[in-house]
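Residues per chain, in single letters:
2 protein chains.
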Amino acid sequence: MTIQDLASGCKKAAIFMAALSADVKNKALSEIVAALYNHQDIIIKANQKDLEQARGENLDPPLLKRLKFDADKIKEACQGLESLIALEDPVNDTQKALELDTGLELYKVSRPIGVIGVIFESRPDALVQIASLCLKSGNAVLLKGGSEAAGTNAVLARIISDATMAAQLPLGWLGLLETREDVADMLCLDHYIDLIIPRGSNAFVRHIMDNTVIPVLGHADGICHLYIDKFADHDMAIELAVDGKCQYVAVCNATETILVHEIVASQILPPLKAALEKQNVEIRGCKKACGLIDVKQATKEDWQTEYLDYIVSIKVAASMSEALEHINTYGSGHTDVIVTNQKERAVSFMDLADTADAFWNCSSRFSDGFRFGLGAEVGISTNKIHARGPVGLEGLMIYQWRLMGKGHKVADYAGQNARSFSHKPLGKPFQ
Amino acid sequence: MTIQDLASGCKKAAIFMAALSADVKNKALSEIVAALYNHQDIIIKANQKDLEQARGENLDPPLLKRLKFDADKIKEACQGLESLIALEDPVNDTQKALELDTGLELYKVSRPIGVIGVIFESRPDALVQIASLCLKSGNAVLLKGGSEAAGTNAVLARIISDATMAAQLPLGWLGLLETREDVADMLCLDHYIDLIIPRGSNAFVRHIMDNTVIPVLGHADGICHLYIDKFADHDMAIELAVDGKCQYVAVCNATETILVHEIVASQILPPLKAALEKQNVEIRGCKKACGLIDVKQATKEDWQTEYLDYIVSIKVAASMSEALEHINTYGSGHTDVIVTNQKERAVSFMDLADTADAFWNCSSRFSDGFRFGLGAEVGISTNKIHARGPVGLEGLMIYQWRLMGKGHKVADYAGQNARSFSHKPLGKPFQ
Numbered sequence: 001m002t003i004q005d006l007a008s009g010c011k012k013a014a015i016f017m018a019a020l021s022a023d024v025k026n027k028a029l030s031e032i033v034a035a036l037y038n039h040q041d042i043i044i045k046a047n048q049k050d051l052e053q054a055r056g057e058n059l060d061p062p063l064l065k066r067l068k069f070d071a072d073k074i075k076e077a078c079q080g081l082e083s084l085i086a087l088e089d090p091v092n093d094t095q096k097a098l099e100l101d102t103g104l105e106l107y108k109v110s111r112p113i114g115v116i117g118v119i120f121e122s123r124p125d126a127l128v129q130i131a132s133l134c135l136k137s138g139n140a141v142l143l144k145g146g147s148e149a150a151g152t153n154a155v156l157a158r159i160i161s162d163a164t165m166a167a168q169l170p171l172g173w174l175g176l177l178e179t180r181e182d183v184a185d186m187l188c189l190d191h192y193i194d195l196i197i198p199r200g201s202n203a204f205v206r207h208i209m210d211n212t213v214i215p216v217l218g219h220a221d222g223i224c225h226l227y228i229d230k231f232a233d234h235d236m237a238i239e240l241a242v243d244g245k246c247q248y249v250a251v252c253n254a255t256e257t258i259l260v261h262e263i264v265a266s267q268i269l270p271p272l273k274a275a276l277e278k279q280n281v282e283i284r285g286c287k288k289a290c291g292l293i294d295v296k297q298a299t300k301e302d303w304q305t306e307y308l309d310y311i312v313s314i315k316v317a318a319s320m321s322e323a324l325e326h327i328n329t330y331g332s333g334h335t336d337v338i339v340t341n342q343k344e345r346a347v348s349f350m351d352l353a354d355t356a357d358a359f360w361n362c363s364s365r366f367s368d369g370f371r372f373g374l375g376a377e378v379g380i381s382t383n384k385i386h387a388r389g390p391v392g393l394e395g396l397m398i399y400q401w402r403l404m405g406k407g408h409k410v411a412d413y414a415g416q417n418a419r420s421f422s423h424k425p426l427g428k429p430f431q
Numbered sequence: 001m002t003i004q005d006l007a008s009g010c011k012k013a014a015i016f017m018a019a020l021s022a023d024v025k026n027k028a029l030s031e032i033v034a035a036l037y038n039h040q041d042i043i044i045k046a047n048q049k050d051l052e053q054a055r056g057e058n059l060d061p062p063l064l065k066r067l068k069f070d071a072d073k074i075k076e077a078c079q080g081l082e083s084l085i086a087l088e089d090p091v092n093d094t095q096k097a098l099e100l101d102t103g104l105e106l107y108k109v110s111r112p113i114g115v116i117g118v119i120f121e122s123r124p125d126a127l128v129q130i131a132s133l134c135l136k137s138g139n140a141v142l143l144k145g146g147s148e149a150a151g152t153n154a155v156l157a158r159i160i161s162d163a164t165m166a167a168q169l170p171l172g173w174l175g176l177l178e179t180r181e182d183v184a185d186m187l188c189l190d191h192y193i194d195l196i197i198p199r200g201s202n203a204f205v206r207h208i209m210d211n212t213v214i215p216v217l218g219h220a221d222g223i224c225h226l227y228i229d230k231f232a233d234h235d236m237a238i239e240l241a242v243d244g245k246c247q248y249v250a251v252c253n254a255t256e257t258i259l260v261h262e263i264v265a266s267q268i269l270p271p272l273k274a275a276l277e278k279q280n281v282e283i284r285g286c287k288k289a290c291g292l293i294d295v296k297q298a299t300k301e302d303w304q305t306e307y308l309d310y311i312v313s314i315k316v317a318a319s320m321s322e323a324l325e326h327i328n329t330y331g332s333g334h335t336d337v338i339v340t341n342q343k344e345r346a347v348s349f350m351d352l353a354d355t356a357d358a359f360w361n362c363s364s365r366f367s368d369g370f371r372f373g374l375g376a377e378v379g380i381s382t383n384k385i386h387a388r389g390p391v392g393l394e395g396l397m398i399y400q401w402r403l404m405g406k407g408h409k410v411a412d413y414a415g416q417n418a419r420s421f422s423h424k425p426l427g428k429p430f431q
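Protein chains in written order, with my numbering: chain F, 1 to 431; chain A, 1 to 431.
This is chain F alone, in the form it adopts within the complex (with noise of 0.2 Å):
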């Protein structure tokens, strides 16, 4: 089978699912995490397979680590199933109900997106979560995960294709993509493809995003800041650089810069400096703070790294104007933090970022679906359309108008005895 074939087959079953109840796409989800448990033992063993293979190979430790799946990970995944199961059916939903005329009713529903294809890192649970979070949606999903989890991808694809199939989901609602050149056929395949979301490094999303016509969500890097205000408390400001910078550095939202009001600069600097390195932090200033800390000197290029490490770059800002510059040009509009006693000064900080989480007195950190109570993470994107920063299930959504009416012609509302409309809001759901 082509990829083609795969996505026009995935296309076709899309329809059937955006037409599913909540109840069968429940039952559905329930399956899955039967077939989960009944078949721990085939899961277990190819991805044991898997790992063999990647020790063969010197995979690092936490690559290793992330694609194991074990009894543990499958019990995990199956709680995640649990919950998604418990929350809303987020398909027709009713966003807007106005009354055109009499018996002219119009309806803003929320619908399935329709085919999502999915790029994503070498740890198998993420096949089994998108999976899930597609069909909760009522939507059709190409996946394509890590090539050292080629094993263990094949195995969850087939139990939980097998599982839905016998709670009446349409055949081939989910595809498997097995190699690199799968992944650059599906990017051409924008015919059947209505939107891609890809997981990985910043290269990598960055080279997804580059390469296709298909609307993509997600972010390729994440370097936020936090700026100090002339108003800041001080303790506070530097508790959240250090909870920002050190709570899981690894993290897309973990704070990369650190910009300091100048007038408050002489006094903050010693102490952050000293707080920072009793966490193993490697400080890298400009000119300015050069001139108040010991501390390396940063090239243009540390304004513009997402280190995921324990490094911080810090600027010293002539004003909050020249913060926010450094911001809008450098940042990749992900999460940035003012500290300030000032709330004027925190709402115009909000107001001139151009990023998608702006943060008043918190860390970084807090930028996360599961923070953000949403029950599910899609992802976290940079987007300027349809869905930005952290991304739950409605980011797996669009929406369709219906208008329902009796027999209303146009030729009615134009002319000399034109009718005209009444856009009365109706008050009640679609159905």
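Treat the hints with care, since some could be wrong.
Because identical chains cannot be distinguished in the list, a pair is counted as satisfied if it fits within a single copy or across any two copies.
Claimed, not checked - Under the rule of at most 20 Å between Cα atoms (straight-line distance), these lysine to aspartate or glutamate pairs were calculated in the EDC-like manner: (1) Lys65 - Asp125; (2) Lys300 - Asp23; (3) Lys406 - Glu344; (4) Lys230 - Asp101; (5) Lys96 - Glu394; (6) Lys45 - Asp309; (7) Lys108 - Glu394; (8) Lys424 - Glu88; (9) Lys108 - Asp93; (10) Lys27 - Asp190.
Everything labelled a hint here was simulated from the structure, so no lab data went into it.
Using the hints provided, position chain A relative to the given structure of chain F.
Below, chain A without anything else, positioned relative to chain F:
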């Protein structure tokens, strides 16, 4: 100035556009009204020069009519601006408000997208309309109009820029592109431009969609269907077919293909043919249709053609499923209508039709921003993400997450004595 310089300046201006108050924006719109009236002579003179040249190049009369921008058209444009001033500010609308924990408040707030690139046909009124929609929504805009209107557009863009600068709008918020090469350059500037809106012929819009990684909002084709179910009221069905096809043939929401359930085809086709031919509509039928009425036979080409003319194709479908398969194969996801007396069949049709506007017992011609009560229309979209169907100002908006804390750190929500999140609706807007 290169297009890159223009776009880079536009992006800088977009930051400040996004922070403008409703008052400043409405004041700027009023200044445009005054300036258009004050400079009527200059505008009309420039337009007459464009018209003269167009006549010299033997442009079609309908094109000349659209190109004309006289005192009446200026008045119309100004009336459009006045009604835009009266609309609510779409910026900073609170879409969600959630307490994450005591003193840690999350808001989802509507925000402008940033830089919009709009390529439009040879109608100078389109320039005024698009520029003002972008202004009202706090976006910056790069415009490219039809080359026939180049002189008028240059004058209009200068008048609008000058008027809005006097009202404190940032320099460069409106940029005018002049050549086709400029457009090609613009399509590569994904670093500066957040959304492209192309208006014009199918081939043109398709060309834009295929040649940029910048998100595109719009529609290429408008192949709209009317499906007459076996449970349809025959008179209503025929009236809706005539209205959908004939009320205005040259528009994207006109009906191009009529599908008739086989069981009622022999009863409906003869009077349908008579009614359409009375309006001088040429009919092209599938084999089965040709067996029941004397019409020209349709080819595959017909099913995928947006006639925009007094021509319609008719297909007899063995079932609603077959009709839906035809719609989902050949349709453009614009507007598709079912005529039936059974509500559950109508809802099933809506669930299974992969289309922006799914209508029941009314004309496809209702698919329009004004008729839908959107206040202002940005365009009609067949996209599967961001905005679908008739798009109002909300199509020029995205949102920002705003988190307001009191020094909250993520470290406190991890480990042994982790605090938990309350995720409690706040029931108040961001302010």
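Taking the hints in turn, this is what the structure says about them:
1. For a Cα distance limit of 20 Å, the shortest separation of Lys65 from Asp125 inside one copy, 12 Å, qualifies, whereas the shortest one across copies, 61 Å, does not.
2. Taking the closest pair of Cα atoms, Lys300 and Asp23 never come within 20 Å of each other, the shortest separation being 55 Å inside a single copy and 39 Å across copies.
3. In this homomeric assembly, Lys406 and Glu344 come within 20 Å of each other (Cα to Cα) only across copies, at 15 Å, whereas the closest approach inside a single copy is 53 Å.
4. Proximity of Lys230 and Asp101 under a CA criterion of 20 Å is satisfied in neither setting, with 57 Å inside one chain copy and 27 Å between copies.
5. Proximity of Lys96 to Glu394 under the C-alpha cut-off of 20 Å is found in both arrangements, the shortest distances being 16 Å within a copy and 13 Å between copies.
6. For the homomeric pair Lys45 and Asp309, neither the shortest alpha-carbon distance inside one copy (34 Å) nor that between copies (63 Å) is at most 20 Å.
7. For the homomeric pair Lys108 and Glu394, the shortest alpha-carbon distances inside one copy (15 Å) and between copies (13 Å) are both at most 20 Å.
8. Taking CA atoms no more than 20 Å apart as the test, Lys424 paired with Glu88 passes between copies only; the shortest distance there is 17 Å, against 28 Å inside one copy.
9. In the homo-oligomer, the alpha carbons of Lys108 and Asp93 lie at most 20 Å apart both inside one protomer (8 Å) and across protomers (19 Å), since each shortest distance falls under that limit.
10. Within a single copy, Lys27 and Asp190 get their C-alpha atoms no closer than 31 Å, and across copies no closer than 43 Å, so neither meets the 20 Å cut-off.
Hint compliance for this structure: hints 2, 4, 6 and 10 are not met, and every other hint is.
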